[in-house]
Amino acid sequence: MSRRRAGSLGWNVAGLVLFAVMVFPVFWMLSTAFKGNDQIYSVDPVWVPGHPTLSHFRDALHRQYFWTDVKNSVIVVLVTVGIALVLSFFAAVALAKYRFGGRKLFIVLVIGIQMLPQAGLIIPLYVVLGKHGQVNALTGVILVYLTFALPFCVWTLRGFILGIPKDLEEAAMVDGSTRLGAFVRILLPLVAPGLVATSVFAFITSWNEFIFANTLLHSGGKQTITVWLSYLYGGNRFVDWGEIMAASTLISIPVVIFFLLVQRRIAFGLTAGAVRG
Amino acid sequence: MFWHTLERTIIFTVANVGLTMVLGTLIALLLVRVATWVRLLLTVGLVLVWAMPPVVAVQVWSWMTISQNGVVNYVLTQLHLGDFFQHNWYETPTSQLAMVTTLIVWGAIPFVTITVYAALSQVPRELIEAAQIDGARAWRIFKDVTLPVLMPVLLILTSLSIIWDFGAFTQPYLLIGPGQQVPSNYLMSVYLYVEGFGKTDFGRGAAISILMLAIVAVMSVVYVRRMLRVGEAA
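Residue numbers (the numbering used here), protein chains in the order written: chain G, 58 to 334; chain X, -6 to 227.
FYI, nobody ran anything at the bench for these hints, they're computed from the structure. Where is the CB? At the ideal position from N, CA and C, for every residue including glycine. Treat the hints with care, since some could be wrong.
Counterexamples of contact, computed for chain X against chain G with all Cβ distances above 10 Å [stated by the list, open to error]: (1) P47; (2) L72; (3) T87; (4) S88; (5) V116; (6) E119; (7) I121.
Here are a few chain G residues that face chain X, going by a calculated C-beta distance under 10 Å [to be verified]: (8) F76; (9) S99; (10) D101; (11) V105; (12) Y183; (13) W212; (14) F240; (15) I268; (16) N271; (17) T272; (18) Y290; (19) I301; (20) I314.
Restraint ranges, calculated between C-beta atoms of paired labels, are given here [to be verified]: (21) G:D116 - X:D137: 52 to 62 Å; (22) G:G107 - X:F135: 42 to 52 Å; (23) G:L317 - X:T95: 22 to 32 Å; (24) X:G191 - G:G159: 34 to 44 Å; (25) X:L120 - G:R236: 38 to 48 Å; (26) G:V143 - X:L221: 20 to 30 Å; (27) G:G107 - X:Q115: 41 to 51 Å; (28) X:V25 - G:P181: 37 to 47 Å; (29) X:V7 - G:V165: 52 to 62 Å; (30) G:R115 - X:L204: 44 to 54 Å; (31) X:T95 - G:Q121: 29 to 39 Å; (32) X:V142 - G:R160: 56 to 66 Å; (33) G:L318 - X:V7: 30 to 40 Å; (34) G:R160 - X:W132: 42 to 52 Å.
Work the whole structure out from these sequences, hints included.
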């Protein structure tokens, strides 16, 4: 008994050390964001801000293009998520409930497209979008994001729909409900959690996306917030780390909130999709 | 240059995937053994790490490893692991890519750990208990009882990680710095971006793209086939 307790104490200590190491970068970002410049650039690091200040956050919020780029990101994300959700819901219903010609090919494409390295598609997409005047336009970026969000949403939603017992829908139809009626009254409410989870994933991936936004949007004030953040480093000679960490914190907040909301879901339905940076 | 870049990218991918999978699985096994509150704390920490947007993580990494007063140099020196005063972590191509590896592995561990942890709950308890009664050692139990149950999940995670890390762009491009991308530290994605896009040589860039897509397509076969089987079985 005592030996077992000693063992579990060791495991717990290991777990806590691991926690400290993994979370340290997040802690350091927050700590720097709230510290005064004298503490940020001191010889011995100051762990916890002595006199917390919001001045770095003020600098970040007032930096040129912050608000326009946040607005751009929000537009891109909302439109992408909205369109992806509607289209992928119907596609997922079709895949889950009906047999049709080319179904297998469709599934292969849905899974396969998620595997493509994005950098490999930059040049062809740039050329095609350029031909139609969609370079340096938010619509072009939305189109690109849709090509990545759709396969993921279709595949995940399909899994959710398959999880609903067929009898429920059939029972409603036996009771005199039309196919559409059964669809709206039975299927839709049951699939709602799946719709929430997939839209959150589509939200996170489009909010975080960098490669395409960086390539397709090149004039200031027309970019997304991740591109804005990436430029915060190089521009001026004096690197204001306080402001960069404050801006980083602000940009992470929406993602962290959504991640905590759906964390449980990812742990189980995860193998379906590709959600990572 | 293509072959050198390909070779470098393969080594980079193997290192990243190996570290991610081994560390991620070990942490998942640790999660099973700790007290509930430690597990909860660790899970929240992992989700926080997972939620960091890559561009944000790059900024934090740059700040932590800056040579002037980076906190990493300070901590390593304080721990008496050597003299890291004003140590430059981005001196050689190898050290630059090693820093990219630490960043990518750190960001990828939560995904692997949480998925493997979920899969671990599928391991039948009775089997482990029976093995313990029969006097099997921890390693034997892991190898003969736990691992076979985990295998399908590990296979999917490994193939996903290979595909992701082979195509890594944001981290190497931004952490090493857009202006510091040179042939000696190119990874595949960066190579085709700088050569094709930066130098507006679209034909050359497209050719590299096709070769890269072909390589990834071959690597994806395992994953796609497995997912197809999952899809058809349901």
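Hints, verified against the model:
1. Residue placement check: P47 of chain X does not keep its beta carbon more than 10 Å from all beta carbons of chain G (closest about 3 Å).
2. The non-interface label for L72 of chain X is consistent with chain G: the shortest C-beta to C-beta separation is roughly 12 Å, beyond 10 Å.
3. The beta carbon of T87 of chain X is kept farther than 10 Å from every beta carbon of chain G, the shortest such distance being approximately 22 Å.
4. Non-interface status of S88 of chain X relative to chain G is upheld: no Cβ of that chain comes within 10 Å, the nearest being about 19 Å off.
5. Chain G leaves V116 of chain X outside its interface by the beta-carbon criterion, the shortest separation being 15 Å against a cut-off of 10 Å.
6. No Cβ of chain G approaches the Cβ of E119 of chain X within 10 Å, the least distance being about 20 Å, so the stated non-interface status holds.
7. Remark: the non-interface label on I121 of chain X is consistent with the geometry, its nearest Cβ contact in chain G lying 15 Å away (cut-off 10 Å).
8. With a cut of 10 Å, the hint placing F76 of chain G at the interface with chain X holds, because the nearest CB-to-CB distance is about 5 Å.
9. Taking 10 Å as the C-beta cut-off, the interface hint given for S99 of chain G holds, the closest approach to chain X being about 8 Å.
10. Because the beta carbon of D101 of chain G sits about 7 Å from the nearest beta carbon in chain X, less than 10 Å, this interface hint is met.
11. Restraint check, V105 of chain G versus chain X: the minimum CB separation of about 13 Å is more than 10 Å; hint violated.
12. Among the interface hints, the one on Y183 of chain G holds; its C-beta lies about 7 Å from the nearest C-beta in chain X, closer than the 10 Å criterion.
13. Among the interface hints, the one on W212 of chain G holds; its C-beta lies about 8 Å from the nearest C-beta in chain X, closer than the 10 Å criterion.
14. The criterion of a C-beta within 10 Å of any C-beta in chain X is not met by F240 of chain G, whose closest approach is roughly 20 Å, and the hint is violated.
15. Here the hint on I268 of chain G is kept, as its CB sits about 5 Å from the closest CB of chain X, short of 10 Å.
16. With its C-beta approaching chain X no nearer than about 9 Å, N271 of chain G sits inside the 10 Å limit, and its interface hint holds.
17. With 10 Å as the threshold, the beta carbon of T272 of chain G comes within range of chain X, its nearest partner Cβ sitting at about 7 Å, so the hint holds.
18. Because the beta carbon of Y290 of chain G sits about 7 Å from the nearest beta carbon in chain X, less than 10 Å, this interface hint is met.
19. Hint status for I301 of chain G: holds, given a least beta-carbon distance of 5 Å to chain X, under 10 Å.
20. At about 9 Å, the closest approach between the beta carbon of I314 of chain G and any beta carbon in chain X falls short of 10 Å, and the interface hint on this residue holds.
21. With their beta carbons about 59 Å apart, D116 of chain G and D137 of chain X fall inside the hinted range of 52 to 62 Å.
22. Checked against the hint of 42 to 52 Å, the C-beta distance between G107 of chain G and F135 of chain X comes to roughly 47 Å, which is consistent with it.
23. The supplied range of 22 to 32 Å is met by L317 of chain G and T95 of chain X, whose beta-carbon atoms lie about 25 Å from each other.
24. About 39 Å separates the C-beta atoms of G191 of chain X and G159 of chain G, a value consistent with the hinted range of 34 to 44 Å.
25. Range check, L120 of chain X to R236 of chain G: about 46 Å between beta-carbon atoms, so the 38 to 48 Å window is met.
26. Restraint check, V143 of chain G to L221 of chain X: a C-beta distance of roughly 26 Å satisfies the suggested window 20 to 30 Å.
27. Take G107 of chain G and Q115 of chain X: their Cβ atoms lie about 49 Å apart, and the range 41 to 51 Å holds.
28. The hinted range of 37 to 47 Å is satisfied by V25 of chain X and P181 of chain G, whose Cβ atoms lie roughly 46 Å apart.
29. Taking 52 to 62 Å as the suggested C-beta distance range, the pair V7 of chain X and V165 of chain G does not conform, at roughly 27 Å.
30. In this structure the supplied range 44 to 54 Å holds for R115 of chain G paired with L204 of chain X, their Cβ-Cβ distance being about 49 Å.
31. In this structure the supplied range 29 to 39 Å holds for T95 of chain X paired with Q121 of chain G, their Cβ-Cβ distance being about 33 Å.
32. Remark: the range hint 56 to 66 Å for V142 of chain X to R160 of chain G is contradicted by a beta-carbon distance near 31 Å.
33. Checked against the given bound of 30 to 40 Å, the beta carbons of L318 of chain G and V7 of chain X, roughly 35 Å apart, stay inside it.
34. Restraint check, R160 of chain G to W132 of chain X: a C-beta distance of roughly 45 Å satisfies the suggested window 42 to 52 Å.
Figure legend: structure checked against the earlier numbered hints; hints not met, in rising order: 1, 11, 14, 29 and 32.
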